[in-house]
Structures are given as structure tokens and as C-alpha cells.
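**Q** Here's the letter readout for the chains.
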Amino acid sequence: MELEPSHYPAQRAAGVARACISYRRGGPNRVLTLSNVRRARLQVRGRERGPRGQAVNCTAEVLYHLGSQHSAPEVHFTVEGELGKNPDDADNKFYSRIKSLKEPLVAQNIPDSFGIVPPEMEPIRHLAFSACDYIIWQNSTENTWYNLAQIQDVRQVKRNDDYLEFDYTVLLHDFVSQEIIPWQMQVLWHPQHGVKVTQNSRQPK
Amino acid sequence: MYQIKESNRELVTQHYLGTTYEKWPMYYLKISQPTNKAKKIIWMDCGIHAIEWISPAFCHWFVKEILQNYRTDPKISSLLQNLDLYILPVFNIDGYIYSWTTARLWRKSRSSHMNGTCFGTDLNRNFNSSWGGVGTSHNCSSSTFCGPEAESEPETKAVARLIESRKSDILCFLTIHSFGQLLLSPYGYTKEPASNHQELVDVAQKAATVLKGKHGTNFTVGPASSVLYQNSGSSRDWAHMIGIPFSYTLELRDRGAHAFFLPADQIQPTCEETTMAVITIIEYVNQKYFPNGAKLTSGNLCLNLLLSVLFVGALS
Numbered sequence: 001m002e003l004e005p006s007h008y009p010a011q012r013a014a015g016v017a018r019a020c021i022s023y024r025r026g027g028p029n030r031v032l033t034l035s036n037v038r039r040a041r042l043q044v045r046g047r048e049r050g051p052r053g054q055a056v057n058c059t060a061e062v063l064y065h066l067g068s069q070h071s072a073p074e075v076h077f078t079v080e081g082e083l084g085k086n087p088d089d090a091d092n093k094f095y096s097r098i099k100s101l102k103e104p105l106v107a108q109n110i111p112d113s114f115g116i117v118p119p120e121m122e123p124i125r126h127l128a129f130s131a132c133d134y135i136i137w138q139n140s141t142e143n144t145w146y147n148l149a150q151i152q153d154v155r156q157v158k159r160n161d162d163y164l165e166f167d168y169t170v171l172l173h174d175f176v177s178q179e180i181i182p183w184q185m186q187v188l189w190h191p192q193h194g195v196k197v198t199q200n201s202r203q204p205k
Numbered sequence: 001m002y003q004i005k006e007s008n009r010e011l012v013t014q015h016y017l018g019t020t021y022e023k024w025p026m027y028y029l030k031i032s033q034p035t036n037k038a039k040k041i042i043w044m045d046c047g048i049h050a051i052e053w054i055s056p057a058f059c060h061w062f063v064k065e066i067l068q069n070y071r072t073d074p075k076i077s078s079l080l081q082n083l084d085l086y087i088l089p090v091f092n093i094d095g096y097i098y099s100w101t102t103a104r105l106w107r108k109s110r111s112s113h114m115n116g117t118c119f120g121t122d123l124n125r126n127f128n129s130s131w132g133g134v135g136t137s138h139n140c141s142s143s144t145f146c147g148p149e150a151e152s153e154p155e156t157k158a159v160a161r162l163i164e165s166r167k168s169d170i171l172c173f174l175t176i177h178s179f180g181q182l183l184l185s186p187y188g189y190t191k192e193p194a195s196n197h198q199e200l201v202d203v204a205q206k207a208a209t210v211l212k213g214k215h216g217t218n219f220t221v222g223p224a225s226s227v228l229y230q231n232s233g234s235s236r237d238w239a240h241m242i243g244i245p246f247s248y249t250l251e252l253r254d255r256g257a258h259a260f261f262l263p264a265d266q267i268q269p270t271c272e273e274t275t276m277a278v279i280t281i282i283e284y285v286n287q288k289y290f291p292n293g294a295k296l297t298s299g300n301l302c303l304n305l306l307l308s309v310l311f312v313g314a315l316s
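Residue numbers (UniProt numbering), protein chains in the order written: chain A, 1 to 205; chain B, 1 to 316.
Derived from the structure by calculation, the hints contain no laboratory data. Take these hints with a grain of salt, some might be off.
Computed Cβ-Cβ distance ranges for the label pairs, DEER-style [what the hints assert, rightly or not]: (1) A:ASP162 <-> B:HIS60: 48 to 58 Å; (2) A:SER113 <-> B:SER78: 33 to 43 Å; (3) A:GLN69 <-> B:CYS118: 28 to 38 Å; (4) B:SER78 <-> A:GLU74: 18 to 28 Å.
Derived list of chain A stretches under chain B, where covered just means 3 residues or more per stretch with a C-beta under 8 Å from a C-beta of chain B [unchecked claim]: (5) 145-159; (6) 171-181.
C-beta atoms are modelled at their ideal positions from N, C-alpha and C, and glycine is treated no differently.
Model the full assembly from the supplied sequences, consistent with the hints where possible.
**A** Here's what the structure looks like:
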């Protein structure tokens, strides 16, 4: 069945595909936003630290599992070309900066009420986007359209190994129900190994 | 609002609509070229959902644009020959204040329910347009709680009362939201097309094209139930159902990257492009109901009557 690309069923499925790809390929200096949905094709713009990234074509197949038990939609995708070098200089700089902090990083309300994000918090925010994308992908259905609205709280957890670890409480927005949903997630990141959500749980409103 | 009214007395008057739940007075601005011509009305409201901060910002910008340019811009002055603009800058005052002082992501009003254990009705689910149906919740803790009954909220009642009383003169009803970059026509409560569906979509498409010309922003056009989601009790649906021919919801920037937290440097470009879209819609309405600069003047009517009386007198 052909879907109208601009109508909500295609848009929501595209959001799921974007989330899945972004979780796999995103990081503190890479955010993947949805640029356009064409007929059965998904165009994903990889934006790397500069204001304009290249648009990269992706083809994705999204399979929602119907039934009483929820399970994450399956996403099969191919990306044409590269989404940028991994890790890059910005990743390494961020890594060194956080590793060398005397006190563990703690922050609230990113962005603030006025949409302001301090520049040194941008990678923390991008990391949250990528990590949230795992949660979004895992919890999406045909009747949801999730976005990260705001980071309510983030605390670094110091580790003895090479990984950076952060404990986030984020606020997800579901466009369909218009609900704001607090969600806790434990996030690991390493310049070579990428983003991993080790634990997550929905919080009471 | 007082300052705007005071410094533009020849064009702007402030009118009382009612009070909010927390007893703030609600006013709309009437922008009207003083003549003795009978005019039709364009209604625009902003800030029905508290969380959507770009929306009240847009109403403020739009009023400023009209007042700064009505003498020099031939487009605007020609519109004001035939049309009065009624603008409500903040529909949900209680919720908006709450989003500044307490909870940035608050959406609803601040009415009290269930013995003070639960707060707020989604004002855009509270109108009498298939109220309580698809896409709403009857649970007070929900973001889309439709209220205990249609028009239960004082804010909804205040606006509905005015619109109902002037509906034969209102040609266009615009309600401004964010986010999504959408220009939505009726209906949300059903997939059945509106009686003038094609015309509504064509005009919206025209407006979206003009909007895109300003800063390249893409807007999607279509009926809410296809483009966005199904929802009942919206003001846009209600306005069309009571006979207002042009009724649109505009969802402004962006598409989710910043969502409700639109950065400050996007406020002006968003307002500029949206102004152009709104003017395009109003222009179409003006052309349609006042073609070729025809003016509905009571002055003309009086003159015609006088002449025919004289003729009759002369003949007998």
C-alpha cells in the first residue's frame, strides 16, 4: 500500500527509522535529523557540528509488530555513502575534557526555558539525542511519535575503565498523545565504541 | 496591549472577552480602519497551548507589522478597507503564566478538577466539535483532557461566545500553534472532507509556497485528520462547523529538532515567514468576498435609496 509521504503514518515510521539509524551512528558530535520522506525512501541529514551537514540518502524498512505484547519495531536500513568519520577530533576533544574533570559533570534543564544550550553542553545534548533514540526506537508504535524535549538532569558517573558514563533523566514528548514522559537512562560512550544505553526506565509523571 | 492601543488609537481598540479560571481578564485587539463601511472579520488567536511559546510571540509580531506598515504598504491598507482584524495574543493566559513561572512544558489551562487533585483542560479539545470523541482523553491527568463537558472552561466560553455572536461576519478563523510546520484545514474529528475542502487546501498551498519563499521553510498542507492526527473538540473544527468558511490551524517551527524550545535566533524568521502566509490567506479572502476592489458601503446604499425616492416623487 502506497503511503502519502507527508501524512502522519509515513512520517511516524520515518521517525522510527531515523531513531534506529541515529542510535547506531550518532554521538556527542553527530545528530541525525529527518530531512525529507519520499515515496519509499528516507532522506536523512547527518549534521556534524557545523550548521549544515550533508544530506545522506537512506532506504529503510520499518516493521511494526502487531499483537498484545509490545516489541520494538524492526528496522532494516542501508545508507548511501558515509555519515562522517568516527571517531573524529571533536569526539576526542570531548572525551579528554570529560575524562579530566575533577568533579563529575552535573547539569539540569538542557536546553533552558528559552532554548539556550551552553556550548560546552552541546555534546552532552547530542549524546542524549542518540541515547534517547534507542528508547524511542524500542518503544515506538504506529500510534506514537517521540522526540526528546529536554534533559531534565544529567550526572556523570565516574568509571575506572575507558568509558564515559552518564545518568540522564530526560523528558520525552509524544506528538500523538501530547504527553511529556520522564525517562531515566544510563548511557555509556566511548569514541571508538559508540553509544550504549545499558539501562532505562520510564518514570512517573 | 494597553500601549499598543494607546499609541495607535486611530486603528486599534481593546475589547473584553471574559476572564480566565484564575480571573485574568481576556482582551482581544481589534484593528480597524475607521470608516462607515461595513466590514467583515478575520480572527486570529495565539497561545491556546501554554508550552508553544513561539505562538504568542507571533501574534505580537503580526500586530506590530500591521501597525508599522498599514499607511505605507498598499497590500495591508487595501485589506483594511474591507476587513477588520481581531487578534487574541494569548488565549490560555493561566497556562502561559504557569509555563513561565513553574513548569515550562505545561500545555493545558489551570482549572482545578477532582477536588483540587488534578489541573488543567486542553482548551483545544474543549470546543463543541464532536467534543469528547477521538483523540481526546476524559482523564484529567492527561495532556489532552477535554474537560468535564464542551465549553466547560471559562476561556473557551469567552472566545466561543464572541465568535458565535459575530459568525455571520467572520470570514476567516486562524489559530496559531507549534510545532510541526503544518497548515491544517478541517477536520480533525473525522476524515470526511469539509464542504470547501479543495479551496481550503489550494489557499493553504498558496500560503505555504509564499512562506517557503521567505526563508526556505517547508510547510505541509492538508486536513488535520490526515496530516497530523485525529482529534475532537478543536477550535478550528468548531469554527468551520458553525459556518466560518476559512478555518486553519498553523503549526509553526520547527519539526522536532528543537520542538517547543525554538532558539531565540529563529523567532524573527519564523514570525516573518508566518506573517507572509497569513497575509496571503487574508488577501485571498479579501479578493473572494470583495472582488475588484468592490466595497461594501452603507454610504452607497443611502445614496441609491435617495435617488429612487426622488425619481418616484418626480413621476407621480
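**Q** Going through the earlier hints one by one, which of them does the structure break, listed in rising order?
**A** Result: hint 4 breaks, nothing else.
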